[in-house]
Amino acid sequence: MNWHAVRVIYKFEMLRAWHTLLQTILSPVISTSLYFVVFGAAIGSRIEQVEGVSYGAFIVPGLIMLSLLTQSISNASFGIYFPRFTGTIYEVLSAPISFYEILLGYVGAAASKSLIIGTIILVTAGFFVELRIAHPLWMLAFLILTCVSFSLLGFIIGIWADSFEKLQLIPLLVITPLVFLGGSFYSVEMLPPAWQTVTLFNPVLYLISGFRWSFFEVADVSVGLSLFMILLFLAICSAIVWWMFKSGYRLKQ
Amino acid sequence: MPPIVSINRVSKRYASGHQALTDVSLDIAEGEILALLGPNGAGKTTLISTICGIVTASSGTVTVAGYDNVSDYRKTRELIGLVPQELTLGAFDTVWNSVSFSRGLFGKRPHPALLEELLKELSLWEKRDSMLMTLSGGMKRRVLIAKALSHEPRILFLDEPTAGVDVELRKDMWRLVERLRQSGVTIILTTHYIEEAEEIADRVGVIDGGRLLLVDDKNRLMHEMGRKQLEIELKQPLAALPAGLDRWDLSLAGDGSRLIYTYDTQARSTGITALLQAIHDAGLSLKDLKSKQSSLEEIFVDLVNMKP
Numbered sequence: 227m228n229w230h231a232v233r234v235i236y237k238f239e240m241l242r243a244w245h246t247l248l249q250t251i252l253s254p255v256i257s258t259s260l261y262f263v264v265f266g267a268a269i270g271s272r273i274e275q276v277e278g279v280s281y282g283a284f285i286v287p288g289l290i291m292l293s294l295l296t297q298s299i300s301n302a303s304f305g306i307y308f309p310r311f312t313g314t315i316y317e318v319l320s321a322p323i324s325f326y327e328i329l330l331g332y333v334g335a336a337a338s339k340s341l342i343i344g345t346i347i348l349v350t351a352g353f354f355v356e357l358r359i360a361h362p363l364w365m366l367a368f369l370i371l372t373c374v375s376f377s378l379l380g381f382i383i384g385i386w387a388d389s390f391e392k393l394q395l396i397p398l399l400v401i402t403p404l405v406f407l408g409g410s411f412y413s414v415e416m417l418p419p420a421w422q423t424v425t426l427f428n429p430v431l432y433l434i435s436g437f438r439w440s441f442f443e444v445a446d447v448s449v450g451l452s453l454f455m456i457l458l459f460l461a462i463c464s465a466i467v468w469w470m471f472k473s474g475y476r477l478k479q
Numbered sequence: 651m652p653p654i655v656s657i658n659r660v661s662k663r664y665a666s667g668h669q670a671l672t673d674v675s676l677d678i679a680e681g682e683i684l685a686l687l688g689p690n691g692a693g694k695t696t697l698i699s700t701i702c703g704i705v706t707a708s709s710g711t712v713t714v715a716g717y718d719n720v721s722d723y724r725k726t727r728e729l730i731g732l733v734p735q736e737l738t739l740g741a742f743d744t745v746w747n748s749v750s751f752s753r754g755l756f757g758k759r760p761h762p763a764l765l766e767e768l769l770k771e772l773s774l775w776e777k778r779d780s781m782l783m784t785l786s787g788g789m790k791r792r793v794l795i796a797k798a799l800s801h802e803p804r805i806l807f808l809d810e811p812t813a814g815v816d817v818e819l820r821k822d823m824w825r826l827v828e829r830l831r832q833s834g835v836t837i838i839l840t841t842h843y844i845e846e847a848e849e850i851a852d853r854v855g856v857i858d859g860g861r862l863l864l865v866d867d868k869n870r871l872m873h874e875m876g877r878k879q880l881e882i883e884l885k886q887p888l889a890a891l892p893a894g895l896d897r898w899d900l901s902l903a904g905d906g907s908r909l910i911y912t913y914d915t916q917a918r919s920t921g922i923t924a925l926l927q928a929i930h931d932a933g934l935s936l937k938d939l940k941s942k943q944s945s946l947e948e949i950f951v952d953l954v955n956m957k958p
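For the protein sequence lines, the chains are A and B, in the order given. For what it's worth, my numbering labels the leading residue of the first sequence as 227, then goes sequentially. For what it's worth, my numbering labels the leading residue of the second sequence as 651, then goes sequentially.
Just chain A, with the same shape it has in the complex:
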């Protein structure tokens, strides 16, 4: 195991966030605050309670998930795409390092960054609404699993993409709609029955539902199912990465 290599890749990726510290920390804080102003204060005052939880608090897990998913994907995809784009990937490919060590460095850093951002949002949210976390360990587990899975997805996108446009394509066209339609800002029960069924096909619903359960013990689907779905997603991403490494897809000729 080449730990020195994993360390320098991890450090390099974390340092990249450090250089854009303002953007890394300030942007989730600002967007979270804006969501609270719009949804929490303006709309929330008319909704008041969802399943016994104040609307302002109800949207917190969804908001965290929204940032976590988009940040994980964008961080991890950019992290591996940029060296491919500039050509500096030659150095990583010629180094005495396995693909799994490369993965550990890049995905580990992207997941860490998302985890930090998730924590920042949680703390910011605490200034706006009264939060209680019923199952802190479960919350942490959902948080970490989500960060890792979606950083893996980001890594896959970063290897697949051969232009900056493609890099943005999946987050923009797939992930953002899925998050918004996955019950970030509402309970599935608030939808008409037909749409409730459609929503069940949205994988993000299971993430948000499980995560929200760890806060308020209210969920759209059972927690076990949520956990199963996220583990399934993790397994699928891992399998794709395994195949990419085995075939040298877009990395080695």
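The hints are simulated quantities; they were obtained by calculation from the structure and are not laboratory data. Among the clues, some could well be false.
[Claimed, not checked] List of simulated lysine-lysine pairs, DSS-like, C-alpha gap at most 25 Å:
hint, chain 1, residue 1, chain 2, residue 2
1, B, K868, B, K878
2, A, K237, B, K777
3, B, K758, B, K790
4, B, K725, A, K478
5, B, K725, A, K472
6, B, K725, B, K758
7, B, K758, B, K777
8, B, K758, A, K237
Predicted, not measured: the structure shown is a model, and the values here were computed from it.
Since chain A is already given, all that's left is putting chain B on it; use the hints.
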């Protein structure tokens, strides 16, 4: 002594169908400087990339210090440093961080004193805190060299090291190459500047169209493949070759004031004595004599043109 790098019947066909290497075999001895000569697109970079593990060979094997470069890639790669042809560097990193990154990537623990020495040798020490994107092209190439040497490799690949490089850097680089050679580092460089190979290499390999046409000791290559030309300057220009001189391989140049005689240094008899006698007999008087050895470049052009 077993070769430090042994390339055994390596072929590479890219997914696009382009056959970049065909059945290349080559042994590289520890501590030697080998220059791979060849025109653009000859397969030089593919060959280097295959040894370094960036490109997977379609067939054939490569061993480095006795280890297979696929199954024992950790052992082979930590011995190798690569300076790529393109100026591929990140943008938002400092020189120091970038070089430290390379050292770690190759599995070595941090060693600031060594990196300091290296940066000083490459005149990069003043620039250690500069962002890579602010550096000039020459400076970027120095950084790439520093990165390749940061993990103290035993084998150094320099892919077109002097393409678009100014005189000063070229001098610095050859000084560095000399120092590395003294310390026993094996150096493989690709170039299409023949003077470069002529100046520093121990052996020269010529590669074209994905085939290794020959590898030989530089001096022997120049000696064996070399032809010499004797330039005979005459006092009186000639309109045509006199009848008595047509059995030699002669040509007239410079409005008939010079005779050019091409001969093979390996032949049992060069025919020079007889030629000079014949010139004397023809009643021509000489002004000057000059002989010239063909350069590696001429040998190279001959070789590339000779291939089927």
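Tested hints:
1. B:K868 / B:K878: holds, 17 Å
2. A:K237 / B:K777: holds, 21 Å
3. B:K758 / B:K790: holds, 23 Å
4. B:K725 / A:K478: holds, 19 Å
5. B:K725 / A:K472: holds, 20 Å
6. B:K725 / B:K758: Holds, because 13 Å separates the two Cα atoms, which is no more than 25 Å.
7. B:K758 / B:K777: holds, 23 Å
8. B:K758 / A:K237: holds, 15 Å
Against the hints set out earlier in the document, no violation occurs for any number.
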